[in-house]
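Trainee: Model the full assembly from the supplied sequences, consistent with the hints where possible.
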Amino acid sequence: MRFTQALLLLAAGAAQAASSWSFDDASVSVAAKKGSDAIKEKFSQKAPLTKPVGLGSTDTVKIILTAKEDGKAKRPHQAFVTIKEQETGLEAPFPLTVKDTGKAVVQISQKDLPVQFLLSPKPLKASVVIGSFGEARAVNTPVFDIELQTDPNAPVPKYEAPVRYGKKPEIHHIFRPGPQSPPKVISLFFALAVAAMVPVLFISWLLLGANVNHLTKALGAAPLSHVTFFGSIVAMEGVFFMYYTSWNLFQVLPVAGVVGVVTVLSGTKALGEVQSRRLAGER
Amino acid sequence: MRTLLSFLLLALASVVAAISTSGNRLLVVLDDVADKATYSKFFADLEEREFKITYETPKSDSLNLFNLGERTYDHVLFLPVHTKGLGPNLTPKTLHDFVNAQGNILLALSANTTTPTSLVSLLSELDITLPTDRNSLVVDHFNYDITSAADRHDVLLLPAPKPVRTGIKDFFSEDAGTKLIAFPRGVGAVLGNGQLLNPILRAPRTAYSYNPKEQAEAVNGDDLFAAGQQLSLVSTFQARNNARVTVVGSAEMLQDKWFDASVTKLGGKPVVQTFNREFAKRVSGWTFQEIGVLKVNWVEHHLEEEGAPNDSNPAMYRVKNNVSYTISLAEFAWDHWIGFNVPEADEVQLEFSMLSPFHRLNLKEESHRLAAVHYHTVFTIPDQHGIFNFMVNYKRPFLSNIEEKNTVPVRHMAHDEWPRSYAISGAWPWIAGIGATVSGFLGFVALWMYSAPVGAGKKVTVKKTQ
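Residue numbers (this note's numbering), protein chains in the order written: chain A, 1 to 283; chain B, 284 to 749.
Think of the hints as simulated: they come from the structure by calculation, not from any bench. Please note that a few of the clues may not be correct.
Unchecked claim - Every beta carbon over 12 Å from chain B, so not counted as near; a handful from chain A, in silico: (1) THR50; (2) GLY71; (3) LYS99; (4) ALA154; (5) PRO157; (6) LYS217; (7) VAL262; (8) VAL264.
Unchecked claim - Covered by chain A, per the in silico footprint, the following chain B stretches (three or more residues, Cβ under 8 Å): (9) 384 to 396; (10) 431 to 444; (11) 488 to 501; (12) 505 to 515; (13) 642 to 656; (14) 706 to 713; (15) 725 to 737.
To be verified - With a Cα cut of at most 30 Å, we get these calculated DSSO-like pairs of lysine-lysine: (16) B:LYS342 x A:LYS168; (17) A:LYS84 x B:LYS445; (18) B:LYS578 x A:LYS84; (19) B:LYS647 x A:LYS168; (20) A:LYS167 x B:LYS578.
Even for Gly, the Cβ is constructed at its ideal location relative to N, Cα and C.
Mentor: Quick look at the structure:
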């Protein structure tokens with residue numbers, strides 16, 4: 001059973017190999033709008049055109065052929081010229097109008113082409129597809145290329161690719177440039193310049209006759225007050241230093257309050273002693 | 284011990300829920316119950332997947348898609364019927380409401396029977412265009428079955444379809460081998476340009492659609508409906524609520540005689556088996572939400588800075604924090620959940636956006652667990668404060684939609700989060716100035732209190748002036 005089935009298929013295959021569709025007397029011509037047939041080129045199933053056919057924006061390309069089954073001209077059911085865009089693989093069929101005698105003709109101009117073809121960077125490939133019902137083998141051969149010549153004055157046709165779900169390009173946020181400092185050399189130079197003013201100040205005072213000659217006298221007169229007073233002034237600077245480095249306001253205020261009270265209480269005594277020296281004419 | 288227990292529980296759960304994610308009540312609408320026999324293998328496969336099938340004719344009184352506002356069926360399968368209309372219970376509006384209520388529809392058309400107007404209206408609503416003359420047939424003089432359609436060429440033989448673009452998950456061509464799909468006497472449709480429509484099976488480049496009554500002799504230029512890959516033989520539509528509508532152009536490809544049949548392609552291998560049974564299983568599996576359904580298990584984000592607490596999903600972030608984001612995805616595969624592996628050329632992306640995305644980052648597959656794959660990334664929050672969203676918007680053909688949005692406020696730097704002035708090199712001259720002032724002041728106090736005047740004791744006499 002299988003054997004005879006295989007034989008039958010083989011026979012059918014052999015029979016099919018005999019009959020097939022083909023086309024003959026094929027030519028492509030490009031006519032400008034003015035009407036004159038500019039170029040007419042012949043092609044055949046075995047000899048496709050090597051040079052591309054140019055199609056301008058107002059031109060019409062006309063393809064003529066005769067469809068034949070087993071060498072006899074006949075009307076096929078399907079006679080298309082399919083034009084394919086090479087970038088995306090998009091294909092558009094242009095059915096030929098076929099008469100009963102097998103003669104087929106179709107005219108294509110740029111306005112018949114889908115807009116995606118007009119934006120293609122590469123030439124379009126044209127093929128002829130002829131097929132029909134029955135056993136005859138259908139034929140699909142590439143025949144010529146079409147090169148579109150666009151009018152430079154005309155606006156480029158607009159085409160928006162349809163929305164398709166897929167991954168989108170990555171975005172990385174570009175951060176604002178952070179705050180910048182001038183070069184450290186400059187900062188160091190000026191910091192050192194400022195810091196150098198301190199010894200300049202002290203040396204100038206010394207040259208003007210600064211001294212602490214009354215220190216022993218003052219300490220002799222009111223030792224605790226003076227020590228406490230000067231100490232509390234230094235302590236206040238210390239509180240400011242702690243505020244700068246680690247403390248918050250709520251830690252600073254009580255301590256500053258205490259130090260302030262100490263300054264006031266010891267200050268009355270200490271400055272009183274200074275007043276006494278002033279009244280004694282020593283200042 | 285704990286893992287063993289949880290594994291056992293999971294195994295038990297997967298045994299219990301061995302069906303589609305969206306229910307198992309299937310309604311089959313056909314002409315008369317005798318048709319059941321021609322599709323017996325297809326229905327047997329469906330029943331094996333635990334669908335509860337109800338068979339009704341369109342004009343039957345007991346047919347109701349809705350009852351008291353709820354769907355009475357989860358899925359509907361339409362086989363070709365010879366009546367022109369589908370009756371008052373299956374109006375286009377009812378079918379439309381059914382899809383809006385997340386019901387799935389599988390339509391099988393045939394070139395021998397006219398498609399009812401309700402279905403044509405429903406399909407045109409979805410932007411699936413059928414040939415207007417209602418009798419059209421898809422033929423291909425290059426890819427047909429020699430054994431059964433040597434003359435009419437109306438049984439197309441196609442290889443199992445690969446995805447049309449890279450990055451799309453391949454559900455329909457796995458394990459096909461050399462088997463071909465037979466598409467006997469079917470209708471081709473033309474799909475609109477929307478992103479919700481995806482063809483599963485497209486006609487070969489040389490195929491075309493024609494009307495046997497009016498175009499028996501030849502196909503003329505103006506009357507050609509469509510040809511080549513513009514004809515979609517099995518088309519799908521997935522709504523934004525994940526309801527699925529599939530149009531199978533040939534109901535005959537679901538019949539018993541084409542399941543595991545032997546076919547011969549012109550110019551191909553002598554005898555090849557058809558892939559129809561497996562293909563029908565996959566197409567119905569996709570339509571009835573058994574495959575291609577995704578789920579988010581959980582989302583976790585936390586602060587990724589040294590020395591900072593990293594508790595999950597904090598309520599607030601700060602500008603320029605480093606944040607780590609992980610999402611766990613699962614996919615339903617026929618009867619149980621497995622981890623979702625994103626296809627090769629595709630990425631799951633995280634958008635960190637306020638009004639528009641500030642970051643769009645590809646998530647990397649980080650680890651695989653039972654029924655979960657973690658996708659993870661670490662990034663820096665932009666230097667803009669405001670209310671931001673972590674958004675994973677993953678919508679792909681043949682997969683259900685994932686839209687996970689977590690909103691977080693992003694605050695400014697607090698007053699004590701700025702760098703200290705001693706760390707800013709431009710501030711050094713000013714700090715030196717403060718130091719100079721303090722030391723100068725202390726020196727002055729000491730000098731003022733304890734110094735003796737130069738030229739001591741000189742009395743200054745005030746000269747009296749007249």
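Trainee: Hints the structure violates: just list their numbers, smallest first.
Mentor: Structure breaks hints 3, 6, 9, 16, 18.
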